[in-house]
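Peer 1: Model the full structure from these sequences, guided by the hints.
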Amino acid sequence: MQLGMDHLDALEAQSIYIFREAFARLKKLALLWSLGKDSNVMIWLARKAFFGHVPFPALHVDTGKKFPEMYAFRDRYGKEWDLDLRVEPCPPIDAVDPTLPPAARSAARKTEGLKTALTKYGFDGLIAGIRRDEEATRAKERVFSPRGTEGGWDVRDQPPEFWDQFNASPPSGAHLRIHPILQWTEADIWAYTKRENIPIIPLYLARDGKRYRSLGDSDITFPVTSNAASIDDILVELDGTKIPERAGRALDHETEDAFERLRVAGYL
Amino acid sequence: MNMIVPNIAPNAVHATPTGATRPQVRIVIVGHVDHGKSTLVGRLLHETGSLPDGKLEMLKAVSARRGMPFEWSFLLDALQTERDQGITIDTTQIRFRTRSRDVVLIDAPGHAEFLRNMITGASQADAAVLIIDALEGVRDQTRRHGYLLHLLGIKQVAVVVNKMDRVDFSEERFNAIRDEISAHLTGLGVVPTAVIPISARDGDGVAEHTARIGWYGGPTVVEALDALEPARPLDELALRLPVQAIYKFDDRRIVAGRIESGGLSAGDEIVIMPAGKIANIRSVEGWPAPLSGPHGAGRSVGITLDRELFLERGDVIAHVGAAPRDTRRIRARIFWLHETPLAAGASILLRLGNKETRATVVAIEKAVDPGELSSAETKAIARNHVGEIDISLAQPLAADPYADNPRTGRLVIEVQGRIAGGGLVLSVDAGQRAVPVDIVPVESALRPDERSARYRHNGAVIWLTGLPGSGKSTLARALERKLFSSGGSPILLDGDTLRAGLNGDLGFSTADRAENIRRLAEVATHLARNGHVAIVAAVSPSRDDRAAARRIADSAFREIYVATPAEVCESRDPKGHYAKARAGVLHGFTGIGNDYQPPETVELTLDTSARSVSDAADEIEQMLIKTGILFDELTDLAANI
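The listed protein sequences derive, respectively, from chains A and B. The first sequence begins at 1 in our numbering and counts up one residue at a time. The second sequence begins at 1 in our numbering and counts up one residue at a time.
Quick caveat, the hints were computed from the structure, so don't treat them as lab data. Among the clues, some could well be false.
[Stated by the list, open to error] Mimicking DSS-like on lysine-lysine, the simulated pairs with C-alpha atoms at most 30 angstroms apart in a straight line are:
(1) Lys79/A to Lys248/B
(2) Lys482/B to Lys626/B
(3) Lys27/A to Lys626/B
(4) Lys120/A to Lys248/B
(5) Lys48/A to Lys248/B
(6) Lys248/B to Lys28/A
(7) Lys366/B to Lys48/A
(8) Lys27/A to Lys248/B
Peer 2: Shown next as structure tokens:
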């Protein structure tokens, strides 16, 4: 961190750098917009990187089971932020690996929806808002992460990545995942959201002693006990908690390796 | 004494509610496989109270279910595959706090097979902890990691001697290891900040001094981490703003990039390297509003200039009078990760900052396995080995020696679209004459791509070497006609013709012949840089002289050996030289004196006694297409439909 820059400035500058590298080196990018706090920060960073413009589509892979507040948010800010919004519906549950536990199977629909969008639009780079601190397997990610032609992640054969030099040449038929906020923590996201005054879905704030820390499908995402009614409250709460962020996401806890299996198959 | 503050979130927050920030240090833990890196990390997380609720209990339950004793390293081995193999295969980042620092801990694998992951992890660190098994002592991977820390530019290294319980906490054993590793690291220019005896499994020396290491008076691991410094400020160095892109989303033409060092403000006079064009910064753009300066290292910025200049991704913006060197030649110390060893002559893709250029490895020196105590030098740099290389670049770029600027003084090498190695720039323009300060070369008004678009070829030096009478001049003339007929710009430089004028002062001594070749190469290279194809037909008998010509022309050089048998050449004798030499009236004549040194590696070999002139010219044309001099019409067409 350098003179006159605080921690958030440094994270912002690094993310902007990654966005610009992706835009310079790939031909057909899309930003995965899940409508959650992380991907909203990503869109904000993209507008900073490209001086108010988002020069690639925002792709929402829609399970059809999001909270109504999330759809309202998408429809409003898709227009207000002048996004090239592409909505890709997911296939029915029968199309998904029946050996996965129920919540994981449901989430795996998104993987199928994503593959359909990849084929339809021919994207060679997908910008995704995952963070290293969310979950152990995500900690192993590269910033530019090659995927196989089936979208799979080969964690055993990741190329070296150092000095902000990225591997940006996916083999033909494959694509890259680009992770501009990999280094951010949950607290960074909230502190930046507050500083920049980025709009959020109200479900993140406590109502009747409950709030959502992470938003997924409405049937497999559960609120945590909390009285944090503002972003300041959330930051105080995070400073004292030992409960993992994704505790309310059923799919992470069904079996020891369910999340890892999903990721190898192309889940984010 | 425990210096840990009670902690905190699963992944400690460093943006605090008040917005206050603490120094953040990024630390990598490296060392030989099985010397206990993951165990130390697991123990550190526990000692600092950084584990999420239930994580320890969950892992203990999983271990019990699998019938395995619990290990601290399980905390990190979150992946199924890792538990199966029992080795860390990738870097994992963990955050926690000491009293005065936010620490990001990077656990890097020790297994030799995963060196690329160790480098990926370590390259992000400000400091390192090198771990050594007290029983096994310093091993090859210990030395290799030590060497790589030096190559990655990491100067702060704390050493921990782990598993002291396995050597009965012997002070003698500890001292022996301490002395050996200190000598090794010091030899690389890295002075260890501390050498600490610990047992990661039992906790001795990690956060607390225990009676079992009562003889040790230095810091614990946590105290040592607390004393490490964040990366040194880059603001104090000269401005380096590599150009990432030029954007025209609206009526502004914005030059975007990250300030790697130094700082800038609107109004500054800047120079764009390597071209050396000068302009002023008109504004520093931003969103939602333009930014007021000054802006320091680390910022991703966008600037507009006061005049429309041609500039492109990879250029470097600097202040006038403090610019980086422009060069087509770099000497670097590198580590190599690809399975195919890097050898002299290899064609590579080089990335330095945002610049990407094709390049050729001209020479390799000091290639060694840094894991060995005293390793033999090899001709090629094998996987996981290091060496010094001279690189000749297809395009000029702006660079600094690493010692002057760590950000613009490092590079990576790509093979088949994948990063295969990286290293530090030792010097630029190695082996080339420095231009005296009072000579200011004038740049052409035309860019190379403007010329090549017209000629349908890049500039080149086609060097025909061979015995007198071998057919060099005939071939050169046929090639000249052929290139000209298809719209190109060939220029013939015949050795004898130039001796009549430019080189009229030179005789046939070894030194004069060398100077003759140097002048030919300089003239030909000047033509090539301006987009022409210079066809040189010269006996050029000395291998060294031809190597010198190749160095001057760099990647534009294409050597063709006209290997017509000597008896055929003598029977042709187009200029009557063989006859005169045989008669003893022509001295120093190459052909009958055995002083011609045939090339060992050339782009093409042709025997004109076995084929027609037009066949041979066709073959040269094919070689020029294959090696990227002539544009292949089909590929070109395909790229534009």
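Peer 1: Hint by hint, note whether the structure agrees.
Peer 2: Quick rundown of the hints versus the structure:
no.: 1; hint: Lys79/A to Lys248/B; in the structure: holds (22 angstroms)
no.: 2; hint: Lys482/B to Lys626/B; in the structure: holds (17 angstroms)
no.: 3; hint: Lys27/A to Lys626/B; in the structure: holds (26 angstroms)
no.: 4; hint: Lys120/A to Lys248/B; in the structure: holds (28 angstroms)
no.: 5; hint: Lys48/A to Lys248/B; in the structure: holds (15 angstroms)
no.: 6; hint: Lys248/B to Lys28/A; in the structure: holds (18 angstroms)
no.: 7; hint: Lys366/B to Lys48/A; in the structure: violated (46 angstroms)
no.: 8; hint: Lys27/A to Lys248/B; in the structure: holds (17 angstroms)
Hint 7 from the list above is the single one not met by this structure.
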